[in-house]
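Trainee: Single-letter residue listing:
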Amino acid sequence: MSISRITVAFAKRNRQNQSAFVAYMMAGDPDLDTSRALLLGLPGAGADIVELGMPFSDPIAEGPTIQFAAQRALEAGTKMADVLALAREFRNAHPDTPLILMGYANPVHHMGWEVFAQTAADAGVDGAIIVDLPPEESQPLANALHDHDLALIRLIAPTTVGERLSQVLQGVSGFVYYVSVTGVTGVAVPDGGQVTMAVQNIRKCTDLPIAVGFGVRDPATAQQIAQSADGVVVGSAIVSALAEGGVEAALELTAKLAKAAHQR
Amino acid sequence: MSNFNWQAGPDREGRFGTFGGRYVPETLMPLVLELEQVWEMAKKDPVFQQEMHGFLKDYVGRPSAIYHAERLSEHFGGAKIWFKRDELNHTGAHKINNCLGQVLLAKRMGKTRIIAETGAGQHGVATATVAARFGLKCVVFMGAADIERQKPNVFRMKLLGAEIVSVSSGTGTLKDAMNEALRDWVTHVHDTFYVIGTAAGPHPYPAMVRDFQSVIGREARAQILEREGRLPDACVACIGGGSNAIGLFHPFLADKQVRLIGVEAAGKGLDTSQHAASLTGGTPGILHGNRTYLLQDDDGQIADAHSISAGLDYPGIGPEHSFLHDIGRAEYLSATDTEALEAFQLCTRLEGIIPALEPAHALARVGDLAKELGKSGMILMNMCGRGDKDVFSVAAHLGVEI
Chain A
621 MSISRITVAF AKRNRQNQSA FVAYMMAGDP DLDTSRALLL GLPGAGADIV
671 ELGMPFSDPI AEGPTIQFAA QRALEAGTKM ADVLALAREF RNAHPDTPLI
721 LMGYANPVHH MGWEVFAQTA ADAGVDGAII VDLPPEESQP LANALHDHDL
771 ALIRLIAPTT VGERLSQVLQ GVSGFVYYVS VTGVTGVAVP DGGQVTMAVQ
821 NIRKCTDLPI AVGFGVRDPA TAQQIAQSAD GVVVGSAIVS ALAEGGVEAA
871 LELTAKLAKA AHQR
Chain B
197 MSNFNWQAGP DREGRFGTFG GRYVPETLMP LVLELEQVWE MAKKDPVFQQ
247 EMHGFLKDYV GRPSAIYHAE RLSEHFGGAK IWFKRDELNH TGAHKINNCL
297 GQVLLAKRMG KTRIIAETGA GQHGVATATV AARFGLKCVV FMGAADIERQ
347 KPNVFRMKLL GAEIVSVSSG TGTLKDAMNE ALRDWVTHVH DTFYVIGTAA
397 GPHPYPAMVR DFQSVIGREA RAQILEREGR LPDACVACIG GGSNAIGLFH
447 PFLADKQVRL IGVEAAGKGL DTSQHAASLT GGTPGILHGN RTYLLQDDDG
497 QIADAHSISA GLDYPGIGPE HSFLHDIGRA EYLSATDTEA LEAFQLCTRL
547 EGIIPALEPA HALARVGDLA KELGKSGMIL MNMCGRGDKD VFSVAAHLGV
597 EI
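In order, the protein sequences belong to chains A and B. Here the working numbering is used: position 153 in the first sequence is 773, and no number is missing along the way. Here the working numbering is used: position 392 in the second sequence is 588, and no number is missing along the way.
The hints are simulated quantities; they were obtained by calculation from the structure and are not laboratory data. From the three backbone atoms N, C-alpha and C, an ideal C-beta is built for every residue, glycine too. Fair warning: there could be bad hints in the mix.
Now the in silico label distances, taken between C-beta atoms and shown as ranges [as the list claims (entries may be wrong)]: (1) B/T476 - A/P684: 33 to 43 Å; (2) A/E868 - B/T214: 44 to 54 Å; (3) A/K632 - B/T476: 49 to 59 Å; (4) A/E709 - B/S469: 28 to 38 Å; (5) B/T214 - A/D651: 35 to 45 Å; (6) B/E230 - A/P684: 21 to 31 Å; (7) B/Y263 - A/D767: 54 to 64 Å; (8) A/E734 - B/R423: 50 to 60 Å.
Just chain A, with the same shape it has in the complex (with noise of 0.2 Å):
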């Protein structure tokens, strides 16, 4: 399965002509037992695909939300070990769900890439995404990742032009992440108009999928979003949402959004 799940789950979408719907939580937020529940229920509320954040001390790519997110993680004692276990609990409970790790480099490092991709591979996890490794950084990992059919999911940024696009777009497996906004996650809100033109952009450049997130809060956005995106991820709000109304709340607006999602 691996790569093959993530693809597995967009084709499903697109001949429906609808686009996918990613929802990102942090693994052991506000503690492992609450992160399992919502975890667990992402599929059933409609995302198609997961994204499980992996806890880290500095996270510089997060806005406050999920900063507080991962600190909460970690002061409730989250290692790397559990957020695999939780994983595997996942793939257990839905085989068909792709499940992506995203993180930072500092964790992954300290496991070793090779024992990393090990593990994941084994947990049912599909593919990673690692915030502070660019292309230039990110061959040692790649190749692991690989070794274990598994993807390494490339981001693109609004900064990412000319030549670099189709430098950064080449070798890369599973889909293609752009980030919508110059910034942080979970701030400043995406320019439909904007999204549009950078999606058929990356388009002349590859043909896997293209998901689109950072700053995706609402249903709204999240349809005007699906309009030209093959997937639209939304994270910090389904945090805020746990963190103000629990599991429930979450879940409640994971359906809202994967239904605005579903409607191009």
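Assemble the complex: chain A is given as a structure, and chain B must be docked to it using the hints.
Mentor: Frame of chain A, contents of chain B only:
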């Protein structure tokens, strides 16, 4: 190894051996690559070099003197101790050498907004100073805990027209200020130049900051040769991120007979968890754009650093130091809070020079080294900052109310 070109690093990927690199989000990558190009061009541009030289001379007050610390030398009863007096620079520390260079580059790149992180406040003050001089908007990120212990510098920055952003995430110290500065940079990448204060961060920062700070070592090497007719037996400098140390060491790297000694902050002791000695007590990892030695736990989470000196209170170190450590070209020692406080008072009393708490760490090891080298030995220590900013916190540590 004998023909190794010590000064050649980093390689094209920004690596010193296995350290360094460019571990930043994609949003910043294009800018980091552009900065590298601009810097490569500026290095070769005589107009840039002339402009830089002019400001270093007339505005910063370079060259800084070297001074024979006669009474300290007598006190320890061993080697002859020389200070490189970078505390006499405008704004009171070595930091301005680098700020000047980076702000001149920012102007070349057409950036209108300058951001910086600061720990002790010295880098923040130096950045705010140069930004004021060139009429650029300046925002300084500073940990909430550091704002509390460095009040005089906070006020100085405000007088200079800078906006101070208090950072309360994490422990509210230098690493958290750097996280927040990076987040701001990601958000304002089009008009903003990030003036990193130490020889760390994504390539080209470690090499670029080193090159700007190497003026310290170039001057000192020529000055000591002129005064003593020979090179010192050892160069000593304190290390937080390591910019003053690499600035002093770099021009001496090829002089194999010269020992290069960095002194890290041992806080409450290396046997406690409250220190900031990344090389002595850390392991390699990835933080703030580079692979280097870090204080981290067994799950790769960054540990909190501790030091009495806000300028050394950082869980990482510049990647070139990690390289020099691993290949054994430089030696890295440490000094505790208590030892630094003692050295601070000793230097003040014997030489009439109030050192910053940062170089007081270096000074704390100079005594042992002077004895080890004996009467015929010679030590060159970088007095990289003055202690006026620390007077209040030292008083508090000594239990004195002022």
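Trainee: Now, for every hint given, state plainly whether the structure supports it.
Mentor: Going through the hints against the structure:
Between B/T476 and A/P684 the Cβ separation comes to about 34 Å, which falls inside the hinted range of 33 to 43 Å. In this structure the hint that A/E868 and B/T214 lie 44 to 54 Å apart at CB holds, the actual value being about 48 Å. For the pair A/K632 and B/T476, the beta carbons lie near 55 Å from each other, so the given range of 49 to 59 Å is met. Taking the beta carbon of each, A/E709 and B/S469 are about 33 Å apart, inside 28 to 38 Å as hinted.
For the pair B/T214 and A/D651, the beta carbons lie near 37 Å from each other, so the given range of 35 to 45 Å is met. The supplied range of 21 to 31 Å is met by B/E230 and A/P684, whose beta-carbon atoms lie about 29 Å from each other. Restraint check, B/Y263 to A/D767: a C-beta distance of roughly 60 Å satisfies the suggested window 54 to 64 Å. Judged by the Cβ atoms, the range 50 to 60 Å given for A/E734 and B/R423 holds: they are separated by roughly 55 Å.
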